[in-house]
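J.: Here's the letter readout for the chains.
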Amino acid sequence: MPELTTILFYIFAFITVGFAIIVVSTKNVMYSAVSLFMSLFGIAALFLLLRADFLALTQVMVYIGGILVLLIFGIMLTTKITDAEIKTNNLSYIPAAFFTTGIFVILIFVLYTTKWNQKTPIQNEETISQIGKALLSSYVLPFEIASIVLLVALVGAIMFSRKK
Amino acid sequence: MNNFTEILKSINSFLPELSVITTLLLCLIADIIIRKKSPIVTIIAIAGLLVSAYFVYMQSAVQESLFSGMLVIDPFAVFFKYLFILSSIIILIFFEFSNEIKESTHKNEYSYLILSLVLGAFLMASSVNLLMMYLSLELASLTSYILAGYSKSEKKSSESSMKYLIYGAASSGIMLYGMSLLYGFTGSLDIYEISRYLATNPTPNAFIYLTMIMIAAGLGYKTSSVPFHFWTPDVYEGSPTPVTAFLAVTSSAAGFSLITRLFLTTFLGSTQIVDGAFSIIAGIHWQEIIIVISVASMIVGNFVAIWQKSLKRLLGYSSIAQGGYMLAGLVVADTIGLTAMLIYLSAYLFMNLGAFFVTILIVNKLGTDDIEQMKGLGYRLPFVGVAMAVFMLALSGIPATVGFIGKFYLVTALMKPGAGYLWFAIVLMLNSVVSLFFYLKVVKSMFLERADNTDELPGIKFSVQSYIILILLLIPTIFFGLYFGPIVKLAESSAVLFGIR
Amino acid sequence: MEITLYHYLTVGAILFSLGLYAMISRKNAIMILMGIELILNACNLNFIAFSKYGGLGVDGQLISIFVILLAVAEAAIALAIVLNIYNNFNTANIDEVDSMKD
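Chains as they are written, first to last, in this note's numbering: chain H, 84 to 247; chain Y, 2 to 502; chain V, 46 to 147.
Take the hints with a grain of salt, since some may be wrong.
[Said to hold, decoys possible] DSBU-like, lysine-lysine: derived pairs with alpha carbons at most 30 angstroms apart:
| hint | chain 1 | residue 1 | chain 2 | residue 2 |
| --- | --- | --- | --- | --- |
| 1 | Y | Lys103 | V | Lys72 |
| 2 | Y | Lys157 | Y | Lys417 |
| 3 | Y | Lys445 | V | Lys72 |
[To be verified] If the Cβ cut is set under 10 angstroms, some of the chain H residues that face chain V in the computed set are:
| hint | residue |
| --- | --- |
| 4 | Met121 |
| 5 | Asn200 |
| 6 | Thr210 |
I should point out that these hints are in silico values taken from the structure, not numbers from a laboratory. In this text, all values refer to a predicted model and were calculated from it rather than measured experimentally. Every residue, glycine too, gets a C-beta built ideally from N, C-alpha and C.
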């Protein structure tokens with residue numbers, strides 16, 4: 084009898100990968116966006132299985148709540164929904180498929196032949212407080228620089244969308 | 002409490018970056034208050050950069066690690082910070098001259114966008130942590146996407162910003178995957194820790210090659226090296242000319258600083274330098290990858306440039322090739338090679354900025370950068386034409402210009418006996434000969450060919466200020482070609498990386 | 046059967062390849078951006094899996110937080126640029142946006 088975490092892992096891994104395949108294969112941009120939504124949810128669940136609870140939450144709130152909504156806005160503003168023309172064509176998908184399969188095989192080869200840095204995982208630890216402490220001690224510089232990045236993004240987005 | 006005192010101590014050494022950040026915010030506020038196009042914002046930006054230059058000067062001989070090993074200060078970083086400050090001040094002035102910028106609907110946004118790219122470049126030159134490297138690279142990239150689309154109603158400009166964004170996001174994603182593999186293998190984000198781990202543990206070949214290629218994808222994109230160069234010609238042609246100059250000089254110099262530090266520090270067997278040579282971990286052949294990228298960049302850049310009709314596109318391919326030359330200094334992995342690279346970078350700053358300034362002036366008057374349209378232009382604007390000829394000859398590496406000094410030191414570094422890079426030096430020299438061909442094409446079009454109605458066309462006059470800027474760029478290009486002692490001395494004292502002696 | 050590091054790495058590798066496939070084969074700018082999001086998620090999964098199975102504390106999670114943050118900034122700018130392209134060219138397909146040639 085497999086463990087519960089094993090079953091959960093397979094369920095969420097299939098959700099993640101399955102919907103990711105739909106993202107890249109469907110011709111309808113809207114279907115892609117919705118599948119990406121599901122796929123990102125699957126990843127959030129995988130984060131939970133990896134005991135990264137804070138990150139799972141961030142994934143749901145920022146990625147799904149922020150980025151995906153932005154993307155859907157983008158789709159709706161750049162394609163004519165009324166004509167049901169939310170479709171895109173693929174360029175040259177057979178060579179692309181060959182190429183990516185090649186890359187995938189190389190990746191799997193490397194991933195399975197390399198001896199990764201592995202120790203017995205630490206079980207059940209509170210991550211939020213650790214992350215908070217790290218952000219204000221050893222990671223304080225990236226934390227502050229991140230605010231500049233967001234400021235630049237803000238300026239850029241306003242600059243492009245402002246009326247003349 | 003220890004952490005707190007360490008952060009406070011780090012802030013004292015973080016003043017150059019802090020003054021850039023403060024200036025950035027001041028410019029933003031000034032822009033909001035003034036609400037129209039005004040040189041005041043640019044003046045604030047230049048003043049802030051000068052303040053930052055003063056703080057950089059105070060750190061000349063310091064070697065220090067900051068913010069729990071996120072950044073380091075060393076002469077290498079200081080050299081690049083000078084380079085970034087000097088080039089961005091010159092480019093801020095370019096922005097004042099360009100009609101493309103005047104016609105755009107924006108006001109003073111460019112001044113703080115430039116400052117944020119300078120901040121990203123500062124951090125790129127001094128970060129020693131994979132997270133910090135990625136973050137600073139992204140800060141610089143995000144800013145350059147925005148700048149590339151600066152004249153947003155211009156079709157070409159918006160197209161170039163989109164292409165830049167898509168290639169940039171893709172290559173930085175690939176680089177991040179490579180970094181994650183490196184993290185998984187070594188268990189650390191700090192490049193000194195990574196280096197120690199790689200030196201003491203057997204590293205599978207397939208793994209290290211894959212990781213290096215993936216990381217090189219992200220960095221090669223910044224330095225526009227082949228095969229990660231696809232964005233370069235279109236972005237160079239489509240962006241407003243001052244932005245192109247900025248991307249070609251400041252942004253790619255930042256890429257070189259990062260690539261040099263990452264490769265030289267990460268694959269270090271011991272921190273001892275013997276006879277000026279870095280001791281590279283046996284069995285990790287990172288030089289091979291750099292050689293391939295470097296040779297490919299030289300060949301593709303120089304040969305494709307021959308067929309270009311647009312001057313900006315030609316300069317784009319030329320900078321791909323120039324990037325290839327500079328990577329040659331990295332391959333030798335000794336202090337002479339590093340010095341040569343720094344000399345070449347400073348030479349490249351003057352001659353390339355000069356070429357771009359002439360391009361700005363010509364585009365202002367002709368409204369196009371088509372080389373065909375420049376027939377006989379040398380007679381209508383003699384001084385500018387002669388200046389362009391000098392910059393073009395300098396870029397191709399003719400003696401008595403600063404470009405020659407750069408190439409001379411690179412070739413000397415490659416010909417070090419026993420290193421086995423003689424063939425590489427020959428490839429480099431042959432490529433210089435090819436490059437002469439297309440650089441002279443511009444000069445030929447300006448002076449030797451005549452438009453049908455040249456005699457009827459009136460001479461073109463420029464403002465006094467533009468002549469002054471031109472002369473200020475012309476002087477170092479020739480002066481340092483004859484009296485190159487100071488540059489060489491500065492570069493020699495700057496070829497010192499933190500923690501390696 | 047226990048779930049090991051390799052299971053997570055495999056999921057990451059699949060996501061990375063799919064993202065790469067989307068970037069190469071799609072011509073709609075927004076679809077390419079979705080491919081890039083898949084790649085970034087593959088990286089995050091790698092970082093977190095490595096940091097858990099390597100007993101490396103929260104380093105991996107911290108880098109993932111920054112990756113998510115940069116993804117947001119990038120997506121915001123990307124959308125602004127794509128909308129700008131749409132205003133200028135009336136399309137978001139990159140092969141139709143090709144006014145510059147060698």
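J.: The structure should be examined with respect to each hint, and the outcome stated for every one.
T.: So, going through the hints one by one against the coordinates:
With a CA separation close to 34 angstroms, the supplied pair lysine 103/Y and lysine 72/V exceeds the 30 angstroms bound. Annotation: proposed proximity of lysine 157/Y to lysine 417/Y is violated, straight-line Cα distance about 46 angstroms (limit 30 angstroms). For the given pair, lysine 445/Y sits about 40 angstroms from lysine 72/V by alpha-carbon distance, which is inconsistent with the 30 angstroms threshold. For methionine 121/H, the suggested interface contact is broken, since its CB lies about 13 angstroms from the closest CB of chain V, more than 10 angstroms.
Checking asparagine 200/H against chain V by beta carbon gives a least distance of about 4 angstroms; that is within 10 angstroms, so the hint holds. The beta carbon of threonine 210/H comes within 6 angstroms of a beta carbon in chain V, closer than 10 angstroms, and the hint placing it at the interface holds.
The structure shown violates the earlier hints numbered 1, 2, 3 and 4.
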